[in-house]
Amino acid sequence: MKIFTSALVTETNTFSAFPTTLGSFEELGIVRGPVTDDALNDVGPIVKQWRRLAGEYGDTVHEGIYAIAQPAGTVDAAAYRQLRGEILAALEQAMPVNMVLLFLHGAMVAEGVDDCEGELIAAVRALAGPDCVIGVELDPHCHMSHAMTRQADALILMREYPHIDYEERAIELFELCRAAAAGKTRPVMEVADCAMVGFYPTTAQPMRGLVDLLAEVERRPGILSASYVHGFPWADVPDAGTKVVVVADQDRALAARTAHELAQALYRVRRELLPRLESAAQVLDPAPAGPFPVILADAGDNPGGGAPCDHTGLLAELLRRPALRCAFGMLWDPAAVDACHLAGIGAVIQLAIGGKTSPASGTPLQLQLTVCGLAEQHSQQFGTMSDPLGRAAWVRCGAVDIVLVSRRQQVLSPTAFTGLGVPLHEATVIAVKSSHHYYAEFSRLSTNCHVIETGAALSMDFAHLPYRKRGKAYYPAVADPAPELA
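Numbered per my numbering, the sequence shown spans residues -11 to 474.
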């Protein structure tokens, strides 16, 4: 068989003032296939699995581009047109093909296009024709649109948050689509809307049990795949929200019944799924008794959701408690990083850090800092991936070690600290800019974790998000918006 693969990945926060430009994609590298495995960007693990499986079947792979950008605001129209155009041009050159496999985020919004993925999949279908099998791997923090489900043959979402199963889902998608292309199955999809907006880490109950239920459902005759659509709350688009998508073999009614069943299970525990936010004072006053380290997550300034990554509120709270030995990261401040490199290791400098990019950034902190570590090309390890962080600096203020970076990125791993030499083992408190992806690696250090409300850009007061396109008929804005699911 002939298989075409490509990727276009970013998550758009429509409330963010930071536009996503072509440069945003170039920062992580736009890879134009075919390339060696070593040259792939962050989508590499998925692409490698597709290449491996194609090789085992004796299939031929034709590759488009693999483009990924750090989450931010609305994508520049010209950037979207160019990247979309490159994917379609590569597909046209590869035609005819039996299968198209795409890795898309699912929450990409461009100027004038609320549903980039649906629009792209429809364009792929128009080129590839009705007999080509189109499969898409999506992030669970996506929007599930009618265009996506009607133009693709199969949509499979990562089910874990943190997303540690992207390779497993890539394998699942390949095998499902190849069986369809070989005529062994005929996948059909149905979606159930949960009428919810929320945030659902899968490492704790009740979400853990709901995710485990998906495996049980997939063992039923006729069910090919089942996925929860967590949704991305910080995008004002009509399709934003929590849903369920089920892929069945030929039986659309079975897919619809199963999706409704799973939506009911999720809806019935909606109150238990509300995020439990705390203030820094609630966790740190009186001084925590352990177990240590205590991990604080500044979800509101998570750049993985499009926030600036330079809010200073939580850092200020740590500095007000000089008896606590702390590590804080990562603060995005390229100018401060440059100043530290200019001063050199061991220098003691006065420097204003953070709070510089937007009203959602808080206030710059004027501090006396000791430069303790520097790196021209810092990185963190997340699973099998090396995640570049650019030029970086480790500075110390009192009892707080601070990691400054020049590339906006959330903390995914302790190596964000230890790679610069930060003695993380000395920290009583570790504060990270992340919502939940940090948990996969940091839970090995401690499960004493707290999500801290800092008043930063990503509000988890979901009932009062300033939606206009999405509307307000959802929980928790309405207590029981879908009584048919109760």
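Any given hint might turn out to be false.
Computed cross-link-like contacts, EDC-like style, restricted to lysine to aspartate or glutamate with a CA-CA straight-line distance of at most 16 Å [unchecked claim]: (1) Lys36 to Asp25; (2) Lys460 to Asp119; (3) Lys(-10) to Asp119.
Source of the hints: derived by calculation from the structure; they are not laboratory data.
Now the hints, each set against the structure:
1. Lys36 to Asp25: 7 Å, holds
2. Lys460 to Asp119: 39 Å, violated
3. Lys(-10) to Asp119: Within the cut-off at roughly 13 Å; holds.
The structure is inconsistent with hint 2 alone, although it conforms to all the rest.
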